[in-house]
Amino acid sequence: MELILALAIGILVGSGVWLLLRPRSYQVIIGLCLLAYGVNLFIFAMGRLYVGAAPIMPKGGFVDPTAYADPVPQALVLTAIVISFATTALFLVLMIASRGATGTDHVDGRERHP
Amino acid sequence: MVEQNLLLLLVLTPFVSAALAATLPIRARNAEAWLAGLTMIVALVILGVLYPALTEGQSITGTFRWVSSIGLDLTFRIDGFSWLFMVLVAGIGFLVILYARYYMSPDDPVPRLYSSLLAFCGAMSGLLLSGNIIMLVVFWELTSIVSFLLIGYWFQRQDARDGARMSLIVTASGGLCLMVAMIILGQIAGSYELDAVLKAGPQITSHRLYPVVLILFVLGAFTKSAQFPFHFWLPNAMAAPTPVSAYLHSATMVKAGVFVLLRFHPALGGTDAWFQIVTGIGMTTLLLGAVVALFRHDLKGLLAYSTISHLGLITALAGIGSPFALIAAVFHIVNHAVFKASLFMAAGIIDHETGTRDMRRLSGLARVMPVTAMLAIIASGAMAGVPLLNGFLSKEMFFEATYVWNNGGSLDNFAPYVAVLAGAFSAAYSLRFIVTVFFGPPATDLPQEPHEPPLLMRLPVAILVAICLAVGMFPQQVLGTWLQTASMAVVGPELPHFSLKIWHGVNPPLIMSLIAMSLGALIYLLPRRLIDSGEDGTRLMRRLDFARGFDWLLQVFTIRLPRFALRVLSANGLQSQLRAMVLLSLAGAWFVLRRLDWNVPMPELGASELVFALLWLVGGTCAVGAAWQAKYHRFAALVLMGGAGLVTCATFVWLSAPDLAVTQLLVEIATTALLLLGLRWLPKRDQEIPGDNNLTARSRRARDLLIALACGTGMTALALAVLLTPPGTSLGDWFLRNAYVEGGGTNVVNVILVDFRAFDTFGEITVLAVVGLTVYALLRRFRPAPESVERPRPQLDAEEQALEAYLFVPSVLMQWMFAPIIALAAYLFFRGHDLPGGGFAAGVTLAVGLLLQYVAANVRWVEARITVLPMRWMAAGLTTSAAVGAGSWIFGYPFLSAHAQYLEFPVIGKVPFSTAMLFDFGVFSTVLGAIVLMLIAIAHQSLRVAPRARAPETDEETR
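In the order they appear, the protein sequences are chains A and B.
Position 111, counted from 1, in the first sequence is what UniProt numbering calls 111; the numbers after and before it change by one each time, with no gaps.
Position 154, counted from 1, in the second sequence is what UniProt numbering calls 154; the numbers after and before it change by one each time, with no gaps.
In isolation and in its complexed conformation, chain B is listed as follows (with noise of 0.2 Å):
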């Protein structure tokens, strides 16, 4: 179990370092550098002590449990492949870390670098460690997207953002690919879990699918590793800061992509299918990165399309597919890495030292930095393949994985001369970079005067050659053992033997490395000058600018073609949006219910209903009128449309529900209020509009017309339809069972409100309070229409004193309601658990009661006697509820469950008690703040506009 809990640790602790590097003061550069280094050490500590574990070809999974309903477990596996991984990622994750404290200057913000490099490397160990395929497409997501903030990381520079966008785009969208393939892996294997996908290697080839898994599944892998014709975003996403290219470019981003070919060769691999695609490709990303490297002038340029090329060596690799190939293929991850690391960094301290980075402006830096140009060189010595460096050895396997393995197709007869080929652009690459940077004449032209870096900045450099030399010189007793637990993860058990020696005598292998290097000699001395002066990169690179296009493809596919679906689909206008939504959701319901069996039997009026009747001739008069009027006499139709609302609430209390009409009549109030504070904003509507009486707007209402009547007969159908059928076994008989024995309460509305279905009621009151911010929001930069700020004419017209004596009577009366509206509010909550009211009933109420407050009287005289702070009310209500939620789990209960039982109190007696209750108040809270916040920030409006309005007119009368 230790063991397990150590593979958690070592992918949770980079993020928590991320978090706390993220906190730290902006220019904390040696904390930043500590803690960084400190979390990499960690990990290769813990990485140290799991390591004999894994020597036999076993592997360590631990499994937390999340959710497994829909098999997504969080299961973590380290077997001897993804820990070999695991120590270039915390390995060169150190050495980078000690190199960026002293590349970046003491301006740059560290703490966003920092944070981010570790939460990289805690996204890549989560890739390289995830036991769950669709975990490991949320790590893969994740790199992604830490990725794309470090190429950003200069984000006031142009091209850094386009760069960090268009890396993102690109290897984001290869994840959405990936995660697709991963979805049909699983369902074919029949688990998301690594292991049972790996074993179910001949059943996922023999699917139908699996040219599809396999398609999609390159396109992830060859976005993420920069293949062509994907290979575009690498260059581009050199505008990050040295570091972030050393740390991406060498061991880990682009390298998962290798990684999840080489995971999966078992699943997926060893059919021609693979063979030809993955490589086809990397053949052709091999050779198309070389020869584009030599004629790149930017030191970093250079190395990005190397980077392409070496990376395009491993695919091509992991597409061969033998073991030998799969075995020199984790040796050449190990061997670029290192190099590649270093040489970036090299490049680095030469852009730090002398200002450029350009070739053309580069020369003999030998002479004034010797150690870091010797260990520039023997890194370039590697990547080219001279004998003694570790390039050498695994670039001569891959020779030899080319010559030696046939299955007679034409790409494979091929291959050993695209590789030898490559090979020779790779060494005159490597070459052009010796001879043109440190070689030649003293440079004239530098923006800063060069010298060796601080020693601690050409450590991690010196290191990193290091180990090139001690792996190319003891290749066997350096990496032998780690390099053979590694392979035996990818390959299998069966893995032949093999032994990494300098000297094999001479055979195909080295014939090829030969030729390749004096090859590459000539290729670079013989054209030198040209291609030194020459124009950047190659001609058929700047004719197929992949770049371009896929600028060009984002245009069309983010701004063309979504203006032009809007200027086709949208609707012209909220009228004609909303008349498509009613005659939509028409045809939706005639479409649904035609075919339902309509001859239903009509039923039979009696004596004892006309009172109903003639309740709804009252109820349905208003409605009309309401819609008669709303136009032209705003107050009328507001009165109607009350008339309506008391209507249903009358029906309410006939049809057996009091806690509606209680709630129906509040509400009712409040709308009410709330409608007559706006309708003093609008516009005045004493003339008819031009216009509204011609032929077009006539037959537009003629239309709208018969729209509503067939809505209206519908909806009459419908209702009918249901009422008369009886009623079936309902989920509400539940409820009657239970409200007492399990929610303590004989109010089964109230109950079900705020005990079996709080969680819903805790939403409801949620949007609520949001809906309540939002008007507020909304109005705190309101500015009326001109002619609206003035008072209305009533006000103006009368008197102030009169209207105060008018009003003298009700407004004394309101005062003194205000009490027993309390009183009334208090009864209503406490009786609510058993009897109809409730948190929302005593909400309304007393919102109403401190509304009638500032009827009654002027706003100042109410806001100097009484604070009320909604805000503070709907804080309180949330928090409320939320507690009283989340205090079930104390008890071990999930949230929201509700305890109920009768308190004894003295004198009173039984009191019924359940901490239902207290949620409760939080409603009540809740709704009190929300509707007193909008109510008060509407009114609020007029003494806010006042004041402003009336200066100008004194203004002109001075004048």
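Bound-form chain A, shown alone (with noise of 0.2 Å):
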């Protein structure tokens, strides 16, 4: 479990960081959102790994922590899900914005001359 999750992560920044390098605005976005989804999974992967154990607890009496998954992770994650969404518009705003002001998608605003 731990070593699949390991690689899904290291395949998911991996893919994100070449299209991050890459010149074409679009393909800068979805580096942006690959990278998201690898790094919402490491910052999960913090709290460890449960099966079955959703953080969802009985009303009252004892409560054993080590049954559970922890919440942080959780809590950190759900928002930064939330926010990616937020910078994904507003990146493909600036990417359409730019295209139409600069007349071209390369993220510098100007061809490379070959």
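Rather than coming from a laboratory, the hints here were simulated on the basis of the structure.
Glycine residues also receive a C-beta, built at the ideal position from the N, C-alpha and C atoms.
Where hints are given, some of them may not hold.
Unchecked claim - Ranges between beta-carbon positions, derived for each pair:
| no. | chain 1 | residue 1 | chain 2 | residue 2 | range |
| --- | --- | --- | --- | --- | --- |
| 1 | B | F808 | A | G60 | 25 to 33 Å |
| 2 | A | P65 | B | I822 | 35 to 43 Å |
| 3 | B | P229 | A | M46 | 55 to 63 Å |
Unchecked claim - Here are some of the chain A residues that sit facing chain B, going by a computed Cβ distance under 7 Å:
| no. | residue |
| --- | --- |
| 4 | P23 |
| 5 | L32 |
| 6 | I43 |
| 7 | P55 |
These two chains come separately, so use the hints to put the complex back together.
Take a look at the structure:
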């Protein structure tokens, strides 16, 4: 389980970084999204992996924290998901506005001359 | 306690009045003058009430707790010295306000002037009354800022803007030096309270950092008090309206420098370094200012250099530091403020009535404005140090101080000669002012016909001149006790007995005075023609043009150096910047992590994990595929990215994070819709980009592939290392134990979000709202590329009706789904506190529901039926969250403390209710508003550009 998730994070981050370094703005957006998946999973994994132990408590009584998944990384990732949507939207708008203004979708605002 | 509150009132009243003054109508000159004048009178009354408590050298301290943890409290402290200074600030302030009422023309926007003047008075009061040395610096910088506004009052004039900028940069940089000095002082003394610092004198002067502190401190004081070589800002600040000059350059702004010199004399003074630096610079400034003043043709220029010179005199006295010298310094501060304010006002009257300040054009004004002439002549006499006027007394004390005090240094032996020479020049320029302006033949080429100003405009000058005379003739009776109180605060209780007298018998100071006066008359009268018609300023000073040097420095530091740094350091273009960023973070991670023990045992893969492995086989393939296709096949890449997202979502389900799974799934939908809407505005990519497959492009890709591989491997290793380390005690344990007991909810993730860490969530929804607004604002001026304006090919190919028929069944279904989706959102919202769901999820759900309606029918049809006001949703959400947070204040709890309980409803039964739920509603509302705002803003672009694009086509057809 751990090995698979670690590999998954590696693949997501690797694809994301590769796209991040590409010249077309759409590639960068997709890259950021993939990177966000990878990073969210990474943060989430910091609380270790639990199967069938969602942090939903019984009402009252003794609570054994070791029987439940760590809620803190989950809370962090939850807001991160929403914020990464917002940044994607912002970047998308920047992308189409810059494309309208410069006439190219190259991230530098001008085509590289071969 | 009454006195302490009065102290606070003394500082606050001017600021409150300043705020009031700024709101008055633009032409309300009388109302402004009344308001400001009353403020000054209130200050004077408060000072009068406080005086009896200060006569024996005591001080009143009022402390208002603020950030005690870093030693910063609002401490205000008044003693005899700051009391006397405050009387000057408020008294001369009152006269200046009266004067300004008649000086300013009806066309000037007076609220700005009066508001700034009052704020300046407040800042100056704060500076004088600060009992905490950090507060003192804060008020110090405040005076710099407000003086910038005052000097630049006529901002339409280039010289006013330049002068204001120059004074701000010089004095604020000095303030920065002063701040560092104060921080070190506080560290040495162990406290930032003024009293403690003043008592720690021996400790400070023997400390190894003393030279550093001293240099930084005098840099602050000298820049403010316009001491050589920082004097150049003061003449340039003469572009201010005359009332401002009269206030800033007589009683307040420039005196702040000498105020701190005297104030901190017990802490920093008394050493040889202090004497050499402070007296040395003071003497230089004294002589230099006096010489240059003689050669200026501009009335205010002459007065400006004279001010510099007199400040040099006070600085020199502060440097000498003997009790007698300190008394003389305090005395001269008062005298100079009085006669210089009256002279500035007189110069202003002359300028106002004749239209010029050029002494080469002014002449014989004594005939046309005899009263003003008489007042100005007496004031200049005080400036020159003529007997029976106040300037004479303090100047004589200065002579005596330089003559009597002797520590054997060469500077000290020189001092009396420099003093006499400067005194001579001072007499010379005063004489020149009198002779050229008021005597001689009547002026012929004046811009206006001169006559006496209104009585009330002359009144402030008359009052000040009367004070000059009164102090000059009956010094002990008029000023003796106040001066004693003030000096006691500076020197200490062992103040030597002194008595202010006009006649001390024939002694060295008197002889020095007489020499200075007669020499001064000779200096001016002998080469009179040359001076009157010569060039402006001395040749030496034109060579040493400090103002130009300052401009050059400014040019170098704000333009050339940054541009150079940009050229050398900045990467060319976003792509290389991103690469640098990635490489730097790789290097940083390597640097931190290489020392870790990486020898972890590989975990075994069990059969039960086969499904999970297969899941990620799909997910990984999707991710790599998206990376592969994003350049030429955007739609495919989008679908593949969605696949990776879904697998991530499934992972969250698998690994006990239902909240994350729900949110991820919903956000996935919204993101896909968003990107689909954006695809239309991108250029076509049905041909290969030129040069995309040549060697450089390939090698670039190979290099980036290596970087990406390194990043991916690194993250895998890192994640594995953490995952295989057994968990220690986690912060999460506390939340798990207390979520139900304290937060009243069983879904711990939601309780953390809306209760324990609600403040973070509040910040996050604010970010979301800001992003939504930014997207909206960016799109308002959106201009698409020309070839994207046409409708996309699939839409053009298909007949409009055929397309609608094709989408008929789905669109009906989507419309039917609207109500269930709303119900789903409500369900997710209400169960959020106990089960997976919550405000975030509900907000995104409803947003997706609304979006579906836009997809199902055309935009106009939807908007005719549903009014969605995303801005209001956002505003309501943020307001609700903030109000819920602030509501806990009413019950005496910190911001955003939540309260939870179960409410008993008939029929339904027990329903959990907590204020956190209201907060969660705010989250829901903001998320909904922001997402809808973004999506609709992008979707609307097609509507906006379509009609405009069609217009030229029809034009061409008709042609």
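Hint-by-hint comparison with the structure:
1. B:F808 with A:G60: 25 to 33 Å: violated (54 Å)
2. A:P65 with B:I822: 35 to 43 Å: holds (37 Å)
3. B:P229 with A:M46: 55 to 63 Å: Since the Cβ atoms of P229 (chain B) and M46 (chain A) sit about 59 Å apart, the hinted range of 55 to 63 Å holds.
4. P23: Holds. Min distance 6 Å.
5. L32: violated (10 Å)
6. I43: violated (10 Å)
7. P55: P55 (chain A) check passes; min Cβ-Cβ to chain B is 4 Å, inside 7 Å.
Checked against the numbered hints listed earlier, the structure breaks hints 1, 5, 6; every other hint is satisfied.
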